[in-house]
Structures are given as structure tokens and as C-alpha cells.
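Protein chains: 2
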Amino acid sequence: MKKFFRCFSHLQEVKDSHISFFRSILPSTSIETEDLSTYTSDWLKVHKGSSKLVLKPTTTDQVSEILKYCNLERLGLVPQSGNTSQVGGAVPVQNEIILSMKNLNKILDLDDIQGIVWCEAGVILENLMKFVGKKGWMIPLDLGSKGSCMIGGNVATNAGGLRYIRYGSLNGNVLGLEVVIPSGEILSDLKALRKDNTGLNLKQLFIGSEGILGVITKVALLLPPKPSSMQLAFLGCTSYEKVVKALTSAKASLGEILSAFEFIDSQTMEIILKRIPRTRYPLASPHNFYILIETSGSHSESDKEKMEHFLESAVESNLITDGVVAQDTSQSENFWRIREGGLLALRQEAVDLHQFDFSLRIPEMYNFVEVVREKVGNAGKVTAYGHVGDGNLHMYVLGDGKNNLENLIYPFLYEEIERRNGSISAEHGIGLFKQGLIGYTKSETNIKYMKAVKDVFDPRGIMNPFKIF
Amino acid sequence: MKKFFRCFSHLQEVKDSHISFFRSILPSTSIETEDLSTYTSDWLKVHKGSSKLVLKPTTTDQVSEILKYCNLERLGLVPQSGNTSQVGGAVPVQNEIILSMKNLNKILDLDDIQGIVWCEAGVILENLMKFVGKKGWMIPLDLGSKGSCMIGGNVATNAGGLRYIRYGSLNGNVLGLEVVIPSGEILSDLKALRKDNTGLNLKQLFIGSEGILGVITKVALLLPPKPSSMQLAFLGCTSYEKVVKALTSAKASLGEILSAFEFIDSQTMEIILKRIPRTRYPLASPHNFYILIETSGSHSESDKEKMEHFLESAVESNLITDGVVAQDTSQSENFWRIREGGLLALRQEAVDLHQFDFSLRIPEMYNFVEVVREKVGNAGKVTAYGHVGDGNLHMYVLGDGKNNLENLIYPFLYEEIERRNGSISAEHGIGLFKQGLIGYTKSETNIKYMKAVKDVFDPRGIMNPFKIF
Numbered sequence: 002m003k004k005f006f007r008c009f010s011h012l013q014e015v016k017d018s019h020i021s022f023f024r025s026i027l028p029s030t031s032i033e034t035e036d037l038s039t040y041t042s043d044w045l046k047v048h049k050g051s052s053k054l055v056l057k058p059t060t061t062d063q064v065s066e067i068l069k070y071c072n073l074e075r076l077g078l079v080p081q082s083g084n085t086s087q088v089g090g091a092v093p094v095q096n097e098i099i100l101s102m103k104n105l106n107k108i109l110d111l112d113d114i115q116g117i118v119w120c121e122a123g124v125i126l127e128n129l130m131k132f133v134g135k136k137g138w139m140i141p142l143d144l145g146s147k148g149s150c151m152i153g154g155n156v157a158t159n160a161g162g163l164r165y166i167r168y169g170s171l172n173g174n175v176l177g178l179e180v181v182i183p184s185g186e187i188l189s190d191l192k193a194l195r196k197d198n199t200g201l202n203l204k205q206l207f208i209g210s211e212g213i214l215g216v217i218t219k220v221a222l223l224l225p226p227k228p229s230s231m232q233l234a235f236l237g238c239t240s241y242e243k244v245v246k247a248l249t250s251a252k253a254s255l256g257e258i259l260s261a262f263e264f265i266d267s268q269t270m271e272i273i274l275k276r277i278p279r280t281r282y283p284l285a286s287p288h289n290f291y292i293l294i295e296t297s298g299s300h301s302e303s304d305k306e307k308m309e310h311f312l313e314s315a316v317e318s319n320l321i322t323d324g325v326v327a328q329d330t331s332q333s334e335n336f337w338r339i340r341e342g343g344l345l346a347l348r349q350e351a352v353d354l355h356q357f358d359f360s361l362r363i364p365e366m367y368n369f370v371e372v373v374r375e376k377v378g379n380a381g382k383v384t385a386y387g388h389v390g391d392g393n394l395h396m397y398v399l400g401d402g403k404n405n406l407e408n409l410i411y412p413f414l415y416e417e418i419e420r421r422n423g424s425i426s427a428e429h430g431i432g433l434f435k436q437g438l439i440g441y442t443k444s445e446t447n448i449k450y451m452k453a454v455k456d457v458f459d460p461r462g463i464m465n466p467f468k469i470f
Numbered sequence: 002m003k004k005f006f007r008c009f010s011h012l013q014e015v016k017d018s019h020i021s022f023f024r025s026i027l028p029s030t031s032i033e034t035e036d037l038s039t040y041t042s043d044w045l046k047v048h049k050g051s052s053k054l055v056l057k058p059t060t061t062d063q064v065s066e067i068l069k070y071c072n073l074e075r076l077g078l079v080p081q082s083g084n085t086s087q088v089g090g091a092v093p094v095q096n097e098i099i100l101s102m103k104n105l106n107k108i109l110d111l112d113d114i115q116g117i118v119w120c121e122a123g124v125i126l127e128n129l130m131k132f133v134g135k136k137g138w139m140i141p142l143d144l145g146s147k148g149s150c151m152i153g154g155n156v157a158t159n160a161g162g163l164r165y166i167r168y169g170s171l172n173g174n175v176l177g178l179e180v181v182i183p184s185g186e187i188l189s190d191l192k193a194l195r196k197d198n199t200g201l202n203l204k205q206l207f208i209g210s211e212g213i214l215g216v217i218t219k220v221a222l223l224l225p226p227k228p229s230s231m232q233l234a235f236l237g238c239t240s241y242e243k244v245v246k247a248l249t250s251a252k253a254s255l256g257e258i259l260s261a262f263e264f265i266d267s268q269t270m271e272i273i274l275k276r277i278p279r280t281r282y283p284l285a286s287p288h289n290f291y292i293l294i295e296t297s298g299s300h301s302e303s304d305k306e307k308m309e310h311f312l313e314s315a316v317e318s319n320l321i322t323d324g325v326v327a328q329d330t331s332q333s334e335n336f337w338r339i340r341e342g343g344l345l346a347l348r349q350e351a352v353d354l355h356q357f358d359f360s361l362r363i364p365e366m367y368n369f370v371e372v373v374r375e376k377v378g379n380a381g382k383v384t385a386y387g388h389v390g391d392g393n394l395h396m397y398v399l400g401d402g403k404n405n406l407e408n409l410i411y412p413f414l415y416e417e418i419e420r421r422n423g424s425i426s427a428e429h430g431i432g433l434f435k436q437g438l439i440g441y442t443k444s445e446t447n448i449k450y451m452k453a454v455k456d457v458f459d460p461r462g463i464m465n466p467f468k469i470f
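Protein sequences appear in the order of chains A and B.
Be aware that the first sequence starts at 2, since it is given in my numbering, and climbs by one per residue.
Be aware that the second sequence starts at 2, since it is given in my numbering, and climbs by one per residue.
No wet-lab data here; the hints were simulated from the structure.
These numbers come from a predicted model, not from an experiment.
Since the list gives no way to pick out one identical chain from another, each pair is judged satisfied if it fits inside one copy or across any two copies.
30 Å max Cα-Cα, derived DSS-like pairs, lysine-lysine:
hint, residue 1, residue 2
1, K452, K49
2, K305, K136
3, K107, K69
4, K135, K246
5, K192, K227
6, K53, K107
7, K69, K455
8, K455, K103
9, K452, K69
10, K246, K131
11, K192, K449
Start from the sequences and build out the full structure, keeping to the hints where you can.
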């Protein structure tokens, strides 16, 4: 399924006069024109674009001036945070200007009673985690890319990640945003009140908007208290059906302390152990499926009791065949290293890697993987892991470069997801990679009104062009 | 502060020819034209409007036909669920047609693995609670009006209520909506996937939109597992400062099992005990402030231990002076009867009742009440209770009808909320009552874009006219 991007003629090329204008409103350290390769390619190195200009504003007012000018001059603009998008969401396509958020990186305030943090959009997720952690709070979001992704990008892409099953989506956790729209106007809604029913909730539109409406410059985020007790168990199952039953059982036994329910199939596990340094197989013998269960709670003793009770009953009812609870931080780290090493291992293994991020009803998720596996046959390898507790699996088709996998899997695979009422993008978004494919998940009417809403904020189509639609 | 509603001339009056059209597309049982008084006044009997026609469709397609016709003919339309709005949000002003959702009341499906219920918008909240309760789940929302309010109305007004501190807003819990917009088009997003990052999240716009964009016809809602152990404690404090400290302490000690932290001041308590039958004072002696704490968990023993530990430490550190844990259902019911009886008691007590529903930073919430109390002086009584754990208080100014309270409190009170960066409507919305006041909470730019977004969906201004703006 080759896609040819339409060449949009509504945008101007960046000229010297434009660069001169930016030099007049920004300090020289906020402008880059040489060697922009780290900005113009995504971190997977799949999408390579081009740009002549990177702007790195340090204030919201600068962002406002930049957007206003780009809007008047019809210059395309790509907001870029940590550039960790897995769908090429922050890559320029036709020499758009890159608006890097890396210099808007101040943590502004923390409300210690409600648990709310205010910060600029360019704060790196891990830095924010450490900051609030010291004060007894946690960020309700954890991602493998936490060391480089930024909170503004997380919000703009509605990032999901590992603890979604417990803390839910950013739609519930983002209490306030400051956003600059192409007119240069600033939509500021940073009061961060837990309850505020005054008119339409515009900030929700920007959560997951992938930068096509405006630029998020500040974020206010609700924080859960940092748990004082955490446990991690690695389990082995013989069938996916048992994985699903173990999920139901874990929800019932662990209730409010369940904070992750992750899944790895044996095909992925094998490649991880081969490719990722310092990973050790945690169980006595190989299994078809693995589960990683995490609990986070406030009372260590009762949490441990609950975990023991769950494990005992899961073994007794034959849902799991083997299981081990991490005894210390180093074992925990090994378990998470396995789970988080998936993508890196698969990228090293395959010459030709096709990556999918879908949502389906939980009971049929792995059946879908098996259907794809059958379709692919000997032409490639199909593996999966992910957030099974949220109905979200990451599936990969690995080729050795000798077979044309594309003809085999596209559009069959997307059609199958559509037929099963799933989503073709659970948490990675549409970006450039899945541009034009949104119709497999959303109706024509829905897409028509998405475009109409985009026109309200970005009538001249300058924001992150060539993405989503 | 008198407000005169603008007379909108863009809408047509309902004529016989219109009624004939509706008779041609709806069964006669879906049309009412006689004695519409239960529909034209809000349940507080504060706002009385008029209407010649109530339509009670039974299918989404009927809703679509109605909206399309009203849009073509420029007929104003007020969606109405349980009509329990406290801001006159569902009252017709100038003979608009009332679209009653009461016949769209089917519960459609339940996903027993993820915990998701699908239903039509007119299902009464309490009926939905009972249905999912039987299957081991709960609705992440509880309101005093649960016996008559409907889930579609709850979503359209982003209802908050008693357990918000635990389960958060409907922005996080609504997984899918079916909505009909004035063009007659149906925006259907009912897959109810926990994760789905495909384009702009339009359904979020309808949560809390108060019926000004379209009509919600179906809802998919995420359900937490029904807790197997619940506890309720009634506490007495000497100062508001101690209430805030008790909140911090409760969050730390009770962690993930804390499911309500409600507050009543002594002024409200006195009136409740006088006015509400079957309420008994739960403590040994009167206090200045009362707290109602609820926990919901999955393990009764450890939950009890946590509550005991919290209470002991709160007494030791002198945060609470007295406290009692409900020993049985009847005592629990008494405690909740006190808390939920507030509005009814105050309405009976006052000749002239002014009702406020504000959000402020938690430490200064009651100081605001005291400032208003000082301003009102002997002209009236000021009382407050509410969801202090969420930064949301319901405040009332009670008059005996002899003093002009309006001049004293308006606009001073809204100006003071604005100055303190709060919200003039935490959970009750804007509706008719606070029409034109949204500027105290939201910026001009924000309001301008709310109106632009409304124009996308309702360009002819037929949906719930005269509300919010």
C-alpha cells in the first residue's frame, strides 16, 4: 500500500526574508538553519523530511508571534517535542518550519493539596516524574520514551502507555492547557480546577490533536499520590484465553491497586532475550504467553496479601502455569527491561519491520494476530505485545527483506480491524505514517466535522500540514 | 443583578403546519401539546418557560429527522432529560420545542471484561446503577438526583457529584457517544475503545456542552468494579484549616480507597436537622465543620484497618475532635441523608434562596464563604456544603424576603471568584440562570472560539437557544 502525499500548494516556501523576520523577534540561540538532521527525521528513521529552519522559542509570546506571522505568510509549521512519534507525527514533509519546544522547559508550580503540577510544554517526561516524585506525587503516565519525550507532546498525542489501566486517559488528567493558535491568540485555561462546567471544554480538543490545531505551551496535570508500595509479577500462560481470564481475575482480586497488566507473546520474548542486553528469562520454562502485573498501593502488607491471594487462585484454577514476584528493584528492572525492550529488539531483528498499534475487544485481540500470522505465512514473522488490559496491542510483521510483505498485509489488515470495530491507532496517533487511513476507524461524517473544527482554529492550514487527513 | 434575555428573532414560532409534519413522522404517543407544565419549568420551580410542543422520539433516526426539520425551518429545540438542572438548562424560553429523551431508555449491552455499558441517553441514572450493580460493576458517578436524572443529561452537563474525587470526570469515563447534530447527521463513536487516537476527539466537545451543539442519543460508559467493602465516617472539626489538613491526611492514609470527602458547615447542618425527616445528629456534641468520608475497596479487613489508622492519627494530631464510623446500612443511610438533604432543607428554610456552585483552590474555599457572610451581614444567612475534596463548594445565601440581597451579593460575589481564579460554575453548568456570566471564568478569546465551534455544529442556532452565551 504505497501512499503518495499530496503536494500542498497553499503553503509558501521559507525565504530569506522570513528568516530575517524571525531573527528580528527571537534571540540568535533560538534559530537554527544548519545541520537540521536530528529534527527532520523521526527517531525510528523511517520518515525523513526536510526543513530549512528550526525555531526554539523560550516564551509563549514568542510562540504567538511566530504563529501569527506564519499564518499571515502561509508558512507551514511543525510543532516538535521529543520527536519520539512512532507515526512520523513531528517530521516536516515539504520544508515546513520546525517549532521545537525544547526551550520551553520550566516547571512552574505544584499544588500540594490537590496534587496538580503546572509546567511548560517542553519539560521532559522523566524530569517531571522526578520533580513531582520528590514531593510525594506521581505522573499518571509512563512511557518507554520518558527520557526524551516531552509533556506537551504527550498531551498533543494523548499518550497512553503502561499505567493507563489504572489512571486512565489524559482527557481525565489534564486539568488545564495554554495553547497558541495560528491567529496568534492565546487560549489560556490554566486555572486547573478539578471541576469547571462553564461552556464548551475546548482544551479537550487539543488533547490528541497531533499539533494540527495549534501549539500547546503550558500544561496543568492532575497527579495521583505516589504509591508507597509497589509489586511486580511475571507470569506464564499456555493460551491467550487464559490471559484474558487472568485479567478478569486480577481486576477482581487486586481491584484498586492494579496499575499495569501487560502482555508479551513467546515470539516477541525470544527476540527480546536475544537482542536486549541484561535481560534474563524470568521463569523456569518457556511459555506461550507472558503477563506482567504491577500493583501500586498505600499499604505494603495488605497489597502483598492481595497479590499472593491472586497468584494462588490463578495457579489453582490453572490460569497461569508459572509466576514469580520481583524480590527487589533489580529484579523489577529486569522485568520492565524485558517489556520495554520489545520495539528495540524487533527493530534489530527485522530487515523490514511493519508496526501496528491497534485496539480491539480484549477477547479477540490475539485471534486477530493469529489471523494475520496465517495470512503472512512463511513470508515473515508476526509478534505482539502490549497493554492487553486496555484492549491495546502492538503487533509487528517482521520481514527479511526478500518478500513483499506490503502486498500481503495491506489493506487486508486495516480492513480486518475495521470489520472487527477496532481502532487502527490505539495510542500512536495517525501522523504521517497513517495519513489517509483514519477512515478505517472513524466515519465519514466524523472526519468531515474534524476538518470543520480544524478550520475554526487553523483556517489557512499551516499547522502540522500533511498529517492525519 | 437583573438579566434581560435577548429576544432572538432568528427562530420561527411553532405553527400548526410544523406540528402536522411531526405527526407524519412520529407515532401519536411521541407528541404532546396539552398541559406541558412539568416540561416547561425546572424542578426548582425558579425558571418558568413556555412551549407548545413536546416530542418524545423513540429512535435515533427519529431524532435525526426532527433535528433536520427544525434546522431547515429554524425552530428552536431544547433537549430535556430528567429536567433536574439547577441552572434552568432544560427550560424553554420562547416557545422552543422540547425534545424529551425519556422514551430513549434502553440499556443496550455490557462488556463484562472491560467493564463498559452501552445505553440510550434517556436511561435514568439509578436504573443504570442497578443494572450494572447486578453484574458486579458500578457507575463512576453518583448524584442526589439519581432517581430522575438521565445518563444523557449527565453527560451533556458533565455531571460531577459525590464520587468524583475517586473516579474523576466524565471526560475520562465516557468511552463513546452517539450524537445527532442539527443537519440531521449522526456522529457515531460507540466502539467504546479505551484507547483510540485517530484524529480529533469530537465526542469530548459534547461532554458538558449543555445541549447547544446537538443531541446525545447513546452513551458508552467505562465502569469501575463494584467495591466489595465500603465504609463511611462522620467527623467533626473545629476549623476549616483542620478540614483541609484532614483531607491531606485522608489522601495519604486511605490512598486509592478514598471515594468521597464531603463537607458540611454548622449553619447548613442545623437547618438540615430541623427540616429533613429521619435525620439524627451523628456526633456527641456540635462542631463548626463536618466531614463525611467514604472508602470503597476490595478487601474489607485491610480497608477497615486503613480507616482506623486514619481516624486514630487524625484524632491524635487534633485534626478532628469527634468521629463515628457507620456500623450498618441504616447508619450509612442516615449519614448520606444528612449530606444529600442540604438543598431541600435550605429551600424550605429560605423565602429567598441564592445558590452558588463554585470551584476555588481548596485552602481558600471557606474563606470565600466567610467574606460573603461578612458582606451579607444581618441581611441574610450564608451556608455551604459540598465536594471539598474536589475544590467544589455549594454556597447559599438565604433571605427572609425582606432584604434586597441581590444588590448585596451581585456582582461582588462573581467578581471575587474571578479575582481568586475560580470557576463560577463547578458542576451545575451555565444554562439560563448564569447566561452571560461565563466571562467571569473564561477569557474572551476562549468564549469567541466556543461560539465558533458551536457554529460548526449548529450554524442556524437552533439548539437550546438562550443558554450559556
